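Colleague: Chains as they are written, first to last, in our numbering: chain G, 1 to 142; chain B, 1 to 345; chain F, 1 to 93.
Since the hints were derived computationally from the structure, they do not count as laboratory data. In this text, all values refer to a predicted model and were calculated from it rather than measured experimentally. Among these hints, one or two may not hold up.
[Stated by the list, open to error] Simulated restraints on C-beta separations:
{"#": "1", "chain 1": "F", "residue 1": "Thr-33", "chain 2": "G", "residue 2": "Phe-80", "range": "29 to 39 Å"}
{"#": "2", "chain 1": "B", "residue 1": "Val-229", "chain 2": "G", "residue 2": "Val-105", "range": "30 to 40 Å"}
{"#": "3", "chain 1": "B", "residue 1": "Glu-29", "chain 2": "G", "residue 2": "Phe-80", "range": "50 to 60 Å"}
{"#": "4", "chain 1": "G", "residue 1": "Thr-103", "chain 2": "B", "residue 2": "Glu-217", "range": "37 to 47 Å"}
[Claimed, not checked] Some chain F residues judged to face chain G by a derived CB distance under 8 Å, without partners named:
{"#": "5", "residue": "Leu-16"}
{"#": "6", "residue": "Leu-65"}
{"#": "7", "residue": "Ser-83"}
Backbone N, C-alpha and C define an ideal beta-carbon position, used for all residues, glycine too.
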Amino acid sequence: MIDAIPMGEQLRFAAIVILVVAGLFFTFVSAVGVLRLPDIYARAHTASQADTLGAGLALAAVALALGWQHATVYTVLLLFFVFITNPTAAHAIARSAAESGITPVTSEPTATDGGERADDGPADSSPNTDGEDGSTGGGGSA
Amino acid sequence: MVDNRLLVPLSETPTVRQTVGYAVQSGLEDADELEVHLVVALPYDAEVPEGEQQISEAKQLLSKATRWAAEDAGNADVTLETEVLGTDEYLFGPRDYADVFGSYADEHDVERIVLDPEYKPGVTSSILQPLERELDAVGLPYDEAPVERPARHERLVGTGTERFDRYFALFWISFGFYLVLGDPTYWFDLVTGVAVAGIVSFSLANVTFSFPLHRVESPLRTLRFAIYVPYLIWEIVRANIAISYVILRPSMPIEPVVTRVDARVRSGLPLLALANSITLTPGTLVVRANDQRLIVHTLIPPAREDLFDGSLERAVRFVFNGRAAARIPTPRERGDAEIVGGDEV
Amino acid sequence: MIPTSIEEIFLLAAALFVLLAIMMFYRAVAGPTTQDRLLAVNVLGTNTVVILALLAAGLDEPWFLDIALIYALLNFLMAVAISKFTVERGGVL
Numbered sequence: 001m002i003d004a005i006p007m008g009e010q011l012r013f014a015a016i017v018i019l020v021v022a023g024l025f026f027t028f029v030s031a032v033g034v035l036r037l038p039d040i041y042a043r044a045h046t047a048s049q050a051d052t053l054g055a056g057l058a059l060a061a062v063a064l065a066l067g068w069q070h071a072t073v074y075t076v077l078l079l080f081f082v083f084i085t086n087p088t089a090a091h092a093i094a095r096s097a098a099e100s101g102i103t104p105v106t107s108e109p110t111a112t113d114g115g116e117r118a119d120d121g122p123a124d125s126s127p128n129t130d131g132e133d134g135s136t137g138g139g140g141s142a
Numbered sequence: 001m002v003d004n005r006l007l008v009p010l011s012e013t014p015t016v017r018q019t020v021g022y023a024v025q026s027g028l029e030d031a032d033e034l035e036v037h038l039v040v041a042l043p044y045d046a047e048v049p050e051g052e053q054q055i056s057e058a059k060q061l062l063s064k065a066t067r068w069a070a071e072d073a074g075n076a077d078v079t080l081e082t083e084v085l086g087t088d089e090y091l092f093g094p095r096d097y098a099d100v101f102g103s104y105a106d107e108h109d110v111e112r113i114v115l116d117p118e119y120k121p122g123v124t125s126s127i128l129q130p131l132e133r134e135l136d137a138v139g140l141p142y143d144e145a146p147v148e149r150p151a152r153h154e155r156l157v158g159t160g161t162e163r164f165d166r167y168f169a170l171f172w173i174s175f176g177f178y179l180v181l182g183d184p185t186y187w188f189d190l191v192t193g194v195a196v197a198g199i200v201s202f203s204l205a206n207v208t209f210s211f212p213l214h215r216v217e218s219p220l221r222t223l224r225f226a227i228y229v230p231y232l233i234w235e236i237v238r239a240n241i242a243i244s245y246v247i248l249r250p251s252m253p254i255e256p257v258v259t260r261v262d263a264r265v266r267s268g269l270p271l272l273a274l275a276n277s278i279t280l281t282p283g284t285l286v287v288r289a290n291d292q293r294l295i296v297h298t299l300i301p302p303a304r305e306d307l308f309d310g311s312l313e314r315a316v317r318f319v320f321n322g323r324a325a326a327r328i329p330t331p332r333e334r335g336d337a338e339i340v341g342g343d344e345v
Numbered sequence: 001m002i003p004t005s006i007e008e009i010f011l012l013a014a015a016l017f018v019l020l021a022i023m024m025f026y027r028a029v030a031g032p033t034t035q036d037r038l039l040a041v042n043v044l045g046t047n048t049v050v051i052l053a054l055l056a057a058g059l060d061e062p063w064f065l066d067i068a069l070i071y072a073l074l075n076f077l078m079a080v081a082i083s084k085f086t087v088e089r090g091g092v093l
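Could you build the full structure based on these sequences and the hints that come with them?
Modeller: Structural data, given as structure tokens:
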């Protein structure tokens with residue numbers, strides 16, 4: 001069946017699938033972040049940013065699927081709108097939390113070099129768990 | 001020697017004339033002698049391209065105000081002093097203005113400020129604290145001139161060509177937006193689009209552009225912004241992948257830290273663009289923006305390092321001020337970035 | 001089910017987005033602070049916009065995009081308005 005579709009269409013199909021899967025992945029990250037992170041400030045990071053990218057990618061997939069027509073313009077507008085308003089809303093919420101006197105959970109910052117090493121080091125030691133988490137997002141959407 | 005001194009900060013507003021009149025009149029109420037200091041505070045140092053022009057505009061305003069004050073003083077003994085403030089520093093928000101007025105007042109032994117109710121310290125964005133509160137903090141008594149305030153929407157800012165530029169720009173922006181939503185080939189949409197764009201540009205031009213447009217610079221900024229967007233998206237994707245990696249790990253090695261960064265961008269649109277870009281990049285979240293002082297919550301060390309390296313700040317400076325302005329030291333090198341405790345938010 | 005057409009992919013993706021929205025709904029209910037709930041509802045709103053857009057493409061109903069656009073506007077306004085009113089001084093934005 002796929003053989004009957006011209007090459008360009010196949011490419012477009014593949015691009016749409018990749019965009020949708022990536023969008024789902026980042027929205028999944030956002031949802032996990034909202035559930036796992038310790039306080040409102042940390043949650044705002046993923047809630048409003050990973051989610052913005054997730055939404056952006058999914059909307060881009062829709063725009064690509066619709067092709068060159070009028071509804072695409074709407075989708076692109078929507079995309080821009082989400083990208084402008086989401087960080088503003090995140091800032092408003094974080095500021096509101098700060099004004100209400102919620103203090104963020106902070107940890108002692110590691111030194112510049114140490115911080116990078118600490119981040120790179122354990123990365124190699126836990127590839128299995130990473131793979132599992134990644135496939136939950138990717139596998140569910142395929 | 002006169003001991004009755006007033007400081008009157010001036011800006012190009014419809015009520016500036018009445019403010020000068022009130023200052024002279026109220027100052028002469030309980031004394032025969034009066035010294036009025038008329039000052040104009042410039043938001044930017046003279047190094048920016050439009051600096052020269054701003055200084056000459058400030059001098060014009062001062063000479064006009066001097067004439068008004070002399071007119072109002074009549075035969076009374078009024079000494080007039082004029083000064084352009086802030087030419088050698090970078091006044092960012094109300095706090096800096098209040099500081100400058102405070103030190104000027106100390107130097108010249110002025111006890112009281114007469115404020116124009118429409119006074120706009122530079123390009124204030126709405127997130128900045130009002131000047132009044134900052135003046136209280138400095139401890140300078142102020143007095144708001146009781147002018148008849150014209151309704152805000154009737155305020156006509158700028159000269160004729162400046163106003164035309166705003167109407168023109170907003171007309172085409174709203175007309176274009178209307179046609180994007182409608183059908184550009186259908187005559188009905190074209191006619192209603194012209195009508196709607198006309199109403200919008202007529203009623204909202206002064207609200208939309210609170211800053212003067214520049215015929216060369218403004219389209220150039222839009223163009224540079226178009227270059228900036230792909231760069232920003234690349235940064236967002238990069239940071240998103242980094243943060244996904246941290247969040248999905250069962251150990252979740254996050255390191256939430258509150259930092260303070262003094263951004264060297266102008267208030268208003270550039271600050272908005274920078275703060276939004278920082279927030280859009282995962283791992284950094286602007287919690288507060290007091291003047292140019294951004295309180296940023298950072299989640300992972302690499303994001304913090306990126307923030308302190310100031311790549312987004314340089315990019316925003318490139319968008320608004322051109323390539324030359326982008327070459328500044330990083331916030332870390334300037335000492336404008338530091339880690340602060342969680343109580344700072 | 002293995003999706004074969006673009007429409008089916010979009011419908012499946014919309015379903016998965018609904019699942020993610022249900023995950024985030026936990027935070028909206030659990031809180032603990034007002035801002036946590038607000039944040040969760042804001043993310044839910046963004047998700048709803050995406051779901052509407054995916055359905056518009058999947059069901060070939062382009063007018064869903066109008067609703068998505070308005071929903072995005074309202075979502076933003078809601079977040080800003082509520083954060084403004086949770087603060088006494090009202091100076092959030």
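Colleague: Double-check F:Ser-83 for me: the hint is only fine if its C-beta lies closer than 8 Å to a C-beta in chain G.
Modeller: It holds, given that the least Cβ distance between F:Ser-83 and chain G is near 4 Å, below 8 Å.
Colleague: Does the beta carbon distance between G:Thr-103 and B:Glu-217 stay inside 37 to 47 Å, or does it fall outside?
Modeller: Holds, since G:Thr-103 and B:Glu-217 (Cβ atoms, about 43 Å apart) stay within the stated range.
Colleague: Per the CB criterion, is F:Leu-65 less than 8 Å away from chain G?
Modeller: Holds: closest Cβ of chain G sits about 4 Å from F:Leu-65, inside 8 Å.
Colleague: Is the shortest C-beta separation between F:Leu-16 and chain G less than 8 Å?
Modeller: 6 Å, holds
Colleague: That 50 to 60 Å hint for B:Glu-29 and G:Phe-80 (C-beta), does it hold up?
Modeller: Check passed, 57 Å falls within 50 to 60 Å.
Colleague: Given the hint of 30 to 40 Å, check if B:Val-229 and G:Val-105 actually sit that far apart at their C-beta atoms.
Modeller: 34 Å, holds
Colleague: Between the beta carbons of F:Thr-33 and G:Phe-80, is the distance compatible with 29 to 39 Å?
Modeller: Check passed, 31 Å falls within 29 to 39 Å.
Hint violations for this structure: none, all hints satisfied.
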